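Protein sequence lines correspond, in order, to chains A and B.
For the first sequence, the working numbering gives the first residue as -18, with consecutive numbering after it.
For the second sequence, the working numbering gives the first residue as -3, with consecutive numbering after it.
Hint data in this document are derived by calculation from the structure and do not stem from the laboratory.
Do not rely on the hints blindly, as some may be mistaken.
Straight-line alpha carbon distances no greater than 30 Å define the calculated DSS-like cross-link-like pairs of lysine-lysine that follow [stated by the list, open to error]:
#, chain 1, residue 1, chain 2, residue 2
1, B, LYS240, B, LYS120
2, B, LYS21, A, LYS(-4)
3, A, LYS76, B, LYS382
4, B, LYS380, A, LYS90
5, B, LYS306, A, LYS108
6, B, LYS382, A, LYS159
7, A, LYS108, B, LYS389
8, A, LYS118, B, LYS240
9, B, LYS298, A, LYS111
10, B, LYS380, A, LYS10
11, B, LYS393, A, LYS111
12, B, LYS192, B, LYS120
13, A, LYS0, B, LYS514
14, B, LYS380, A, LYS(-15)
15, A, LYS45, A, LYS152
16, A, LYS45, A, LYS111
17, B, LYS286, A, LYS90
18, A, LYS111, B, LYS286
19, A, LYS111, B, LYS309
20, A, LYS118, A, LYS156
21, B, LYS382, A, LYS111
22, B, LYS120, A, LYS108
23, A, LYS108, B, LYS380
24, B, LYS382, A, LYS45
25, B, LYS21, B, LYS8
According to the in silico footprint, chain A covers these stretches of chain B (three or more CB under 8 Å from chain A) [claimed, not checked]:
#, region
26, 126 to 138
27, 282 to 296
28, 423 to 435
Remember, it's a predicted structure, so these values are computed and weren't measured experimentally.
Beta carbons: idealized from backbone N, C-alpha and C, even for Gly.
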Amino acid sequence: MELKVEHLSKSFETKEVLKDINFTFQEGKIYGLLGRNGSGKTTFFNCLNRDIPFEEGTFTLIDKEQSRPLELEDIGYVLSTPNVPEFLTGREFLKFFLDIHQDKLDEKKTIDEYFEFMHIEKEDRDKLLKDYSYGMKNKMQMLVNMIADPNVLLLDEPLTSLDVVVAEEMKQVLKSMKKNHILIFSTHIMELALSLCDEIVLLNHGTLQEIDRSHLTDQELKDKILAALTEESSC
Amino acid sequence: MLETFIQSFQVKNTYRVNTFIYSLKQIPILGKVFKDALYSNYALKLLGTLVSIMTEILSIFLGKFLYITIMVFAVITLYPGTSTVNFVHVLFFLTLIGALMNTYMFNPTKDKYYAMFILKMDSKEYTLSNYYYTMLKVIVGFLPFTCLFGILSKVPLWICILFPFFIAGCKILANVYFLNKYKRTGIITDENHPVKWVWAWTAIFLILAYALPYFGIVLPLPVACIFMVLITIGGIFGVFYLQKFTLYREIYKIILTNDNMNLASYKTTEISKQTVLNRIDVDTNITSHKHGYAYFNDLFVKRHSNLLLKSAKKISLTIFAIIVAMTGIFFVVPAFAEKTNQILLVMLPYFVFIMYCINRGQEVAKAMFMNCDHSMLTYGFYRKPKVILNLFKERLKSVIIINLLPAFVLALGLVFLLAITGGTTQFIDYPILFFSILAMSVFFSVHHLVLYYLLQPYNAESETKSATYGIANGLTYLFCYYMLKIQIPIFTFGCLTIVFSILYCFVSLFLVYRYAPKTFHLKN
Chain A
-18 MELKVEHLSK
-8 SFETKEVLKD
2 INFTFQEGKI
12 YGLLGRNGSG
22 KTTFFNCLNR
32 DIPFEEGTFT
42 LIDKEQSRPL
52 ELEDIGYVLS
62 TPNVPEFLTG
72 REFLKFFLDI
82 HQDKLDEKKT
92 IDEYFEFMHI
102 EKEDRDKLLK
112 DYSYGMKNKM
122 QMLVNMIADP
132 NVLLLDEPLT
142 SLDVVVAEEM
152 KQVLKSMKKN
162 HILIFSTHIM
172 ELALSLCDEI
182 VLLNHGTLQE
192 IDRSHLTDQE
202 LKDKILAALT
212 EESSC
Chain B
-3 MLETFIQSFQ
7 VKNTYRVNTF
17 IYSLKQIPIL
27 GKVFKDALYS
37 NYALKLLGTL
47 VSIMTEILSI
57 FLGKFLYITI
67 MVFAVITLYP
77 GTSTVNFVHV
87 LFFLTLIGAL
97 MNTYMFNPTK
107 DKYYAMFILK
117 MDSKEYTLSN
127 YYYTMLKVIV
137 GFLPFTCLFG
147 ILSKVPLWIC
157 ILFPFFIAGC
167 KILANVYFLN
177 KYKRTGIITD
187 ENHPVKWVWA
197 WTAIFLILAY
207 ALPYFGIVLP
217 LPVACIFMVL
227 ITIGGIFGVF
237 YLQKFTLYRE
247 IYKIILTNDN
257 MNLASYKTTE
267 ISKQTVLNRI
277 DVDTNITSHK
287 HGYAYFNDLF
297 VKRHSNLLLK
307 SAKKISLTIF
317 AIIVAMTGIF
327 FVVPAFAEKT
337 NQILLVMLPY
347 FVFIMYCINR
357 GQEVAKAMFM
367 NCDHSMLTYG
377 FYRKPKVILN
387 LFKERLKSVI
397 IINLLPAFVL
407 ALGLVFLLAI
417 TGGTTQFIDY
427 PILFFSILAM
437 SVFFSVHHLV
447 LYYLLQPYNA
457 ESETKSATYG
467 IANGLTYLFC
477 YYMLKIQIPI
487 FTFGCLTIVF
497 SILYCFVSLF
507 LVYRYAPKTF
517 HLKN
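Pulled out of the complex, with its shape left as it was, chain B reads as follows (with noise of 0.2 Å):
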């Protein structure tokens, strides 16, 4: 067993080693200079090594890190009562969250396709192998924290020490659970599509972990202690039946081979173009009337309505309930109201985060690309420019109408809170708000198809060959995320906005419709 831990570990650093160098060929302009023969470089492969090694290093400890202090440290402060209590509640649930959603075992990865299917390694060996190696990471990665931030919170020690292993032996006996499953009943548990128990087992000890400490009802110290002495012991016994089990491959074949891989070209890239496949409506009674492009691209969205069209209205719908609620609330705490309308009056950058999240440009590029253009730039005439400029305008007015839904009820909605939470004193906020809210919709419509015909950054395979791409979508993130922190008047920053998007949309037309000819097509 330990041999094929060995191979397996050998063969995931040789993966992330290869990344990388590969990570290091896609930086634009510099990445031109790299040379294949970098994957041969002894002291390139060493850095990368030690790149891998710190990359493993920090999976151990970050995330726990992050997890125990954002996720209970730092809540457990808003509590009243004891944090000692509040600290071993809190995490005693999220453990048992935890212990469904993040099995290891059940989760579909690329390395276990790898190592029992492409490798042909033994399922059983380099199951358990990897994941007692996980389970040791868990121990030794929260060890530290528990004890750190159970100290500080006034845990005993002891309780810090067992946390590590009651965790683990929640995860143990969850597997167990799922693996007695399926040998019972065939039924396979695939992590990333948790069924609807699981969802529910989810909000139910979310909330009792949350919210009954915000009214003083906690799990008692003893009660907790008991239950996570008894659990990390069903741990150990769940190690035996784990290592009783056989049935692993036959549960990997199921789980690597589900609707959304596909065994014979398994990478992560055939994935996610799988599951955009997976979305084209198969109602073949959708028809169009159009004529020529406006017909092709009539019916790309009506075959994806569920991609598009339905995630906008869900968008709309959550907003329009967002926006009921708080008129409510509003009724109930007057001073939420007057709270808000300060917020309104100088937050409107706020809202550049809020419509970056909610547009769906860069999903709608990349279905574009999966389900259409990526059998569509093999065509010549497809990429002629008369054809990609025709088809860019079709797609472009589609975008926009998509986003203007929720836009428009969140500017509507925007408006509405304004006015009933007192107002404002320049009459033309209003129609600013309004029509700002409006243009940042368009603006990332536009951005997004324009990023995608600038920078089209997908290969034959559909894997992302553009770090261009990926940094333009990056530094609009960031663009985004900054603007969280300014405050300015509706006034000066949606006369701003206004000016700013239709200029944008101008100078973006131009470029698309001066380089996208150029720069439409496979990447190699």
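One chain only, chain A, in its complex shape (with noise of 0.2 Å):
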């Protein structure tokens, strides 16, 4: 499976964000999506879930030589800031979504079962999802975008305010998940993208870059990045 964006443009009144980006990300694969601040990682994310319009592109998903347009069930979204409905217990969220989407779940798991896998703690369950703490909303968030089973995951920032065990926990998830999905994970932190992702892409001056990381140590690749942001910057 292969997601194919081409001719991806979006500008923000006379600022283009976005320039005619053409970029194809592969099933299996994790990638780092590396920008400085305001480069438009969010934006780029944004344009793929269909939040903000955008100018010109297409989003095109290519399995076993079919392909079709890129659908909203085809994305989850893993937001920096974790959104749960506040007035739900964890135990209702998850059996409302389960509810839903039953007719497409291929392997069956009780409630309680996904909350284990999820490492959330049995007298949380039942507490209602505003009185979370902000690691546990965000496992709700993963384990409902993994539920669904999307195509390709979208993951924006999500391990930044999360507790070193925590961070871990996900970690892991998002390693497991990588096999027959698509997972682009944003971050500004280099160490967290090279111990975690398969591949580094940079998003500078609106465009999408592959960092070639074959032979190089992690300190020669951080080099490299630095110096191509550094580089871009300056032009």
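Take each chain as given, in its own frame, and dock them per the hints.
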């Protein structure tokens, strides 16, 4: 499976944020999307998720020689600030989610099995989501995105505010998910991108640029990324 | 202190100017032409400053003019006795209410937060300089109108001149009391959440202000004057207390971070979001046996019963009480029954406005966004046409049912009132009256929900981003207000209402089914 982004352009008034982007993402990989503040990473995600209109561009999903436009149900979007319906308990949110996706679920697990998988404690499962900690909300957001099993998962700095234990748990979850999926992971933290992601993609000056990391040590790769960003920014 | 005041005034002015430019950008269609560069446009900044100055001048005079005209001058014309003592009496007692209800100092506003917590201005200097400015505005703003309307009411000029100083004195003394109370007990006063005794104080002085003169009982002029002079002098001494007081930052840290506010991300939208969030019923024993979307919506309604069901029940009870009270009055004053009958026969349009006021649709839509759609709209599946429409159907049912409760009580009550006040020559008027009230209720329920789905006005930060939504709501209000002036027989207006409501519902539902999947998303 491949996600092909073609001629994507997006401007805010006179500022061109994404300039005729052409890029192909492949299944089974986690892509680390790196860029400076304001470089357009979230805008890129918002375009893919159809949250904002864009001037031009197509998104195509190519699977086994067959291609079709990318649909909403193909995408899961995990935001840096977790969004969950605060009036429901964790269990109720999962029940609702499983109810409306039941015809699509291949592997049916019980609600508690899902909670176990995401390391959500028994005593927290029947608490209102408004009383969940930041990390727990984040886990719930990730969990429903996993259950929906989208082909493409967009992750907008999802680990930035998590404690080290939860962050490590989430990293393992993401690694376990990459098979049969395309994961695009946006972050500011270079170490995180290098340790988690299979490919590094820079978004700078409105274009996507893949960094070839073959035969490079982590330090050499870091230097290369910094050089690329510095070079670009000084243009 | 002067420097702090000038800085804070500049901040406030910049905020107003930018709000003015921002509102230009929000005008439908025209707004798209304006670019962000407008914020640096010198001419527009100048225009914005002029608007800001005019707003400041209006804030000094307009409110006070309306207050004296409507709350005092217009009312005393209804009373027997001399207007002089009535004017002094009413304004005297209203001032005692205003001193507690409108303190300025204990009103948590965003400009205070920006100044003291974001811009790190000295809390005492900021508070006092702005407070003195506010008191100056009170004196300057009231003076022309206490003189004008006082002289028209034959009040001696020196009392007219004394009044603004008395008003400022009352406010200062009230603040001294609240500051001292905090110092002694640690109990803070929040102007937006008056405690019970303040409400009782308000009720008592409202009765003293307005009811007593009706029976010819007023505060003797010399007594009022002695109090006014004493309080004015007390106010001057109060200033010394305000100057000596040091705990302003401590107080504002509490006021601006109470359960209505979120200091970490303070915004007006954050306040309203937090307010709606606090309305979630925390009882997790509340359950639902439904499935899918119905389950989701059922839990939403049950967990927001405080906001939705309880207020509908309260409105229903109030309507019931009014109808019982009116029935009682009919027996005591038969002429009132006759008049009511005449009114009911031709004033059905009036109830369009009443139904608009009691309909919970707009508040329900807001709660839906703040506590539910705000988070759910970030999920792709939630924006699929099938999900949007399924949930819309569930919500519509709930909103209609919630609003039908008070509508049913009102409809039945009106039929009852019409019957006992002499009835009507046409029997058909009874069912028409009954069903037209229900139709209005359904109409407003559909209207608010459809507007929300078609114009979803909020962005991810819960800020309202659609001027069109505001305009549509404004037009709805104007339409309903206009109805107050129309007099049409029950049969004609009732039939028109029922037919219009049915047609409107069909058209709106069609529009939602056609366009909501495209329009129902977070605004950018």
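Tested hints:
1. For a cut-off of 30 Å, the pair hint linking LYS240(B) to LYS120(B) stands: about 10 Å separates their Cα positions.
2. Among the hinted pairs, LYS21(B) with LYS(-4)(A) is consistent with the structure: their alpha-carbon atoms are about 17 Å apart, no more than 30 Å.
3. Between LYS76(A) and LYS382(B), the direct Cα distance comes to roughly 19 Å. Compliance with the 30 Å bound is thereby established for this hinted pair.
4. A threshold of 30 Å between alpha carbons decides the hint, and for LYS380(B) with LYS90(A) the separation of about 25 Å falls inside it, so the pair holds.
5. A hinted pair counts as satisfied when its Cα atoms are at most 30 Å apart, and LYS306(B) with LYS108(A) qualifies at roughly 24 Å.
6. Among the hinted pairs, LYS382(B) with LYS159(A) is consistent with the structure: their alpha-carbon atoms are about 29 Å apart, no more than 30 Å.
7. Under the criterion of a C-alpha separation no larger than 30 Å, the hint pairing LYS108(A) with LYS389(B) is consistent with the structure, at around 28 Å.
8. Among the hinted pairs, LYS118(A) with LYS240(B) is inconsistent with the structure: their alpha-carbon atoms are about 47 Å apart, more than 30 Å.
9. Of the supplied pair hints, the one linking LYS298(B) and LYS111(A) holds, its CA atoms being roughly 16 Å apart against a limit of 30 Å.
10. With a C-alpha separation of about 27 Å, the suggested pair LYS380(B) and LYS10(A) falls inside the 30 Å cut-off, and the hint holds.
11. Between LYS393(B) and LYS111(A) the alpha-carbon distance is near 26 Å, which keeps this suggested pair within the 30 Å criterion.
12. Distance hint between LYS192(B) and LYS120(B) is fulfilled; the C-alpha atoms sit about 29 Å from each other, no more than 30 Å.
13. This hinted pair checks out: LYS0(A) and LYS514(B) have alpha carbons roughly 25 Å apart, not beyond 30 Å.
14. At roughly 22 Å between alpha-carbon atoms, LYS380(B) and LYS(-15)(A) fall within 30 Å of each other, so this suggested pair holds.
15. Proposed proximity of LYS45(A) and LYS152(A) is supported: the alpha carbons are some 29 Å apart, at most 30 Å.
16. Restraint check for LYS45(A) and LYS111(A): not satisfied, since their Cα atoms lie roughly 43 Å apart, outside the 30 Å limit.
17. A threshold of 30 Å between alpha carbons decides the hint, and for LYS286(B) with LYS90(A) the separation of about 20 Å falls inside it, so the pair holds.
18. Simply put, LYS111(A) and LYS286(B) have alpha-carbon atoms about 22 Å apart, close enough for the 30 Å limit, and the pair holds.
19. Proximity of LYS111(A) to LYS309(B) is assessed by CA-CA distance (about 27 Å); at most 30 Å being required, the pair is judged to hold.
20. With a C-alpha separation of about 20 Å, the suggested pair LYS118(A) and LYS156(A) falls inside the 30 Å cut-off, and the hint holds.
21. Taken as a hint, the LYS382(B) and LYS111(A) pair is honoured in the structure, with Cα atoms around 27 Å apart against an allowance of 30 Å.
22. At roughly 43 Å between alpha-carbon atoms, LYS120(B) and LYS108(A) are farther apart than 30 Å, so this suggested pair is violated.
23. Under the criterion of a C-alpha separation no larger than 30 Å, the hint pairing LYS108(A) with LYS380(B) is consistent with the structure, at around 28 Å.
24. Taken as a hint, the LYS382(B) and LYS45(A) pair is honoured in the structure, with Cα atoms around 28 Å apart against an allowance of 30 Å.
25. About 20 Å separates the Cα atoms of LYS21(B) and LYS8(B), which keeps this hinted pair within 30 Å; it holds.
26. Coverage of the region 126 to 138 of chain B by chain A is violated in this model, with 0 residues showing a Cβ closer than 8 Å to a Cβ of that chain against a need of three.
27. Coverage of a stretch by a chain is defined here by at least three residues with a beta carbon nearer than 8 Å to that chain's beta carbons; for the region 282 to 296 of chain B and chain A the count is 7, and the condition holds.
28. Look at the region 423 to 435 of chain B against chain A: 0 of its residues bring a Cβ nearer than 8 Å to a Cβ of that chain, fewer than three, so the hint is violated.
Checked against the numbered hints above, the structure violates hints 8, 16, 22, 26 and 28; every other hint is satisfied.
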